[in-house]
Amino acid sequence: MSPTTTAVRAGLRRGLIEVRNTLSNGQDLWNYAFPTVVLLVAMFFMRGSTVPGTGFSLGARTLPSALGMGIAFGGMLMLAQQLIVDREDGTLLRAKATPNGMLGYLVGKLVLTSSAAVLGLLLQLVPGVFFLDGLRLGEPGAWLTLAWVVPLGLVAALPLGAVIGSVIENPRNMGLVVLPMMGLIALSGIFYPINGYPGWVQAVAQAFPIYWLGLGMRSALLPDALSAVELGGSWRHLETVLALGGWAVLGLLLAPVVLRRMARRESGSRVAARRERAMQRVM
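In terms of my numbering, the sequence shown has 256 at position 256, counting the first letter as 1, and numbering is strictly consecutive.
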C-alpha cells in the first residue's frame, strides 16, 4: 500500500472519529441547533408572506436558499476555523512532523466539515417540510438536482475555507471574513429575490458562489413555475455548474499552494508565540 493511500485511509478514519465526537459533544450540538432554530423560526413567520408577483410562500422560497447558504458557510467558515484553531494549539505542527501527516489531517477535516454541512442541511430541511407548503421533495428530479448541487457546492466552498484558514492566524480576525460574507448573503437573494436590485448589485452577487448555491437549491426544491421570478426567468443549471465549477477549480488550484506555504512556516516557536498571545487574551 502506498504512503499516500495509507495517509488518506488514516484521514478518513480520523474524520469519522471527529464526526462521532462532535455528535456526542453538547457544545457542538448546540452550535448546530441554535442557528437552525433561528432560521426555522424566521421562516415560520415568513410563511404567510408571498414572493412578489406570485401566491407562493416566501418562507418556502427562503428555505432552499438558506440550505445553500449553510453549505457555503459550513464549507468555508468551519474549515477555516478548524485550521486556525489547530495552528494555534500545535495540532497542525504535529501533523506536519508525521510522514504524509498533512494529507491525512486535511482528509480528516474535509470529512468532518462535509458531514457537518450535510447534517446542518438535514436539520433545516426535515422540520421545514412540516410547516412549509410547496416543496417538491416527492419528485425524483428534486433529488437528482440535490445530488449534484450539494457535492459541487462543497467542492467550491471547501478549498476556499482552506485558503482562508491558511491566511488568517488569529481566530479573532475571523470577523474580517464573516462580515463580508453576511453582506454577500444580503445581496445574494437568500431571503428575498434580487430582481429589484440595481444591475451592479446583481452582478456582484452572481460573481460569488453563495448566489449560485442558493439558486441551485431553489431549482431542486421549488416548483418550476418559481423560476419566473429568478434572474433570466429560469433556473440556469448550466450557468450554476459553470460558476460553482469555476470556483471549485480556482480553489483547488490555489489551496494546495497556500497550504504548503503555511505548513512550511509552521514551527515550535510560532506555536509558542500564538499560545502566549492566546493566554494574554484570556487574562
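Don't take each hint at face value.
[Said to hold, decoys possible] Derived DEER-like restraints, expressed as beta-carbon distance ranges:
{"id": "1", "residue 1": "Leu144", "residue 2": "Arg172", "range": "36 to 44 Å"}
{"id": "2", "residue 1": "Glu139", "residue 2": "Pro171", "range": "38 to 46 Å"}
{"id": "3", "residue 1": "Val118", "residue 2": "Leu253", "range": "36 to 44 Å"}
{"id": "4", "residue 1": "Gln27", "residue 2": "Leu250", "range": "55 to 63 Å"}
{"id": "5", "residue 1": "Ser227", "residue 2": "Val201", "range": "17 to 25 Å"}
Don't read these hints as lab results, they were simulated from the structure. The beta carbon of each residue, even a glycine, is placed where N, CA and C say it ideally should be.
Could you tell me which of the hints above the structure violates, numbers in ascending order?
-> 3, 4
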